[in-house]
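Peer 1: Sequence:
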Amino acid sequence: MDIQNLLNSIFFPRKSEYETDDKDHLVSVDNDTSVGIRLFIKDVSYPTILFFHANAEITHEYDDIAEMYNQYNINFIVSGYRGYGISNGTPTMQSSLDDSLKIFSYVKEHLEKTNNTNKLILMGRSLGSTSTCHIMSNNEEKFDGAIIDSGFATEYPFLLRFGVDPESIDFKLTDGFNNLEKIKKYKKPFLIIHADMDEIIPFSQADIMFVESGSYNKDLFKVNGAGHNNVISIARDHYFSKIRDFIETL
1 MDIQNLLNSI
11 FFPRKSEYET
21 DDKDHLVSVD
31 NDTSVGIRLF
41 IKDVSYPTIL
51 FFHANAEITH
61 EYDDIAEMYN
71 QYNINFIVSG
81 YRGYGISNGT
91 PTMQSSLDDS
101 LKIFSYVKEH
111 LEKTNNTNKL
121 ILMGRSLGST
131 STCHIMSNNE
141 EKFDGAIIDS
151 GFATEYPFLL
161 RFGVDPESID
171 FKLTDGFNNL
181 EKIKKYKKPF
191 LIIHADMDEI
201 IPFSQADIMF
211 VESGSYNKDL
221 FKVNGAGHNN
231 VISIARDHYF
241 SKIRDFIETL
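Counting in the working numbering, the sequence shown runs from 1 upward without gaps.
A couple of the hints might just be wrong.
[Said to hold, decoys possible] Below, in silico cross-link-like pairs of lysine to any residue (SDA-like), each with a Cα-Cα straight-line distance of 25 Å or less:
1. Lys218 / Tyr72
2. Lys142 / Phe40
3. Lys218 / Asn118
4. Lys102 / Asp30
5. Lys119 / Tyr186
6. Lys185 / Gly214
7. Lys184 / Asn139
8. Lys113 / Asp22
9. Lys182 / Leu220
10. Lys184 / Leu250
[Stated by the list, open to error] Ranges between beta-carbon positions, derived for each pair:
11. Asp165 / Asp64: 35 to 43 Å
12. Asp32 / Asn73: 33 to 41 Å
13. Ile169 / Arg14: 24 to 32 Å
These are computed hints drawn from the structure, not numbers from a lab.
Yeah, the Cβ is synthetic: ideal placement off N, Cα and C, and Gly gets one too.
All chains should be built: construct the whole structure from the sequences, respecting the hints.
Peer 2: Written out as structure tokens, the structure reads:
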């Protein structure tokens with residue numbers, strides 16, 4: 001079985017039906033290939049979150065959520081993947097990891113050019129945890145903290161959803177995104193957010209990340225009564241205040 005092709009199938013790209021505006025930026029990631037990101041910079045004096053969304057979302061669907069971050073005095077930048085929204089190309093496991101580093105560099109340079117010198121925090125939801133963990137393992141000295149929302153330590157939950165027994169195919173963590181090993185090596189502040197009733201990525205994955213993380217300042221925020229796709233609507237203001245409190249510790 002081709003593990004990489006199997007993992008590539010967790011991407012569900014779709015084009016945006018929204019009009020573009022000055023919040024949209026295209027980041028060149030390869031020859032003739034660009035990934036769209038969307039910037040919600042309310043004030044250059046605010047800390048900024050660089051956020052990687054889940055596998056069935058697009059950047060324009062985060063406008064309302066971005067406004068909530070802005071209300072908590074946090075700038076918010078949301079990134080897509082190849083083939084999503086205004087991006088072109090075809091997403092794969094490897095391209096998403098490679099592209100995340102280029103997107104991070106673009107955002108860092110943009111913030112510096114616009115005199116935004118406050119804290120920079122990485123954040124990823126679900127599949128977006130892979131991009132976040134990859135940057136965590138490559139650029140730890142260039143940002144201030146990381147947040148994983150509904151993310152995964154291993155690919156086991158996805159393989160099981162595909163009806164594949166990881167042991168039967170001799171699956172190794174290095175065959176996949178390798179989130180867990182990257183989290184183990186990460187030392188800076190780390191916030192993990194996860195629903196206790198997540199039906200796609202079980203809460204046990206958050207437990208593994210928390211226990212195995214090498215962070216000197218880590219916290220696990222369990223959202224009781226929520227599933228994979230309604231963490232914010234269940235936690236409501238507590239979600240944003242938890243993130244704001246985390247940023248205040250950086």
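Peer 1: Each hint: holds or not?
Peer 2: Hint by hint, here is what the structure shows:
Distance check on the hinted pair: Lys218 and Tyr72 sit about 21 Å apart at the alpha-carbon level, within 25 Å; holds. Simply put, Lys142 and Phe40 have alpha-carbon atoms about 21 Å apart, close enough for the 25 Å limit, and the pair holds. Restraint check for Lys218 and Asn118: satisfied, since their Cα atoms lie roughly 21 Å apart, inside the 25 Å limit. Using a Cα cut-off of 25 Å, the hinted pair Lys102 and Asp30 holds, with the two alpha carbons roughly 10 Å apart.
Proximity of Lys119 to Tyr186 is assessed by CA-CA distance (about 18 Å); at most 25 Å being required, the pair is judged to hold. Annotation: proposed proximity of Lys185 to Gly214 holds, straight-line Cα distance about 6 Å (limit 25 Å). With a C-alpha separation of about 15 Å, the suggested pair Lys184 and Asn139 falls inside the 25 Å cut-off, and the hint holds. Our distance criterion of 25 Å between C-alpha atoms is met by Lys113 and Asp22, whose separation comes to about 17 Å.
Restraint check: the Cα-Cα separation between Lys182 and Leu220 comes to about 18 Å, which is no more than 25 Å; the hinted pair holds. Straight-line distance between C-alpha atoms of Lys184 and Leu250 comes to about 20 Å, which keeps the hinted pair within the 25 Å bound. Between Asp165 and Asp64 the CB atoms are about 40 Å apart, so this pair conforms to the stated range of 35 to 43 Å. Judged by the Cβ atoms, the range 33 to 41 Å given for Asp32 and Asn73 holds: they are separated by roughly 38 Å.
Roughly 29 Å separates the CB atoms of Ile169 and Arg14, a value that falls within the hinted 24 to 32 Å.
Checked against the numbered hints above, the structure breaks none of them.
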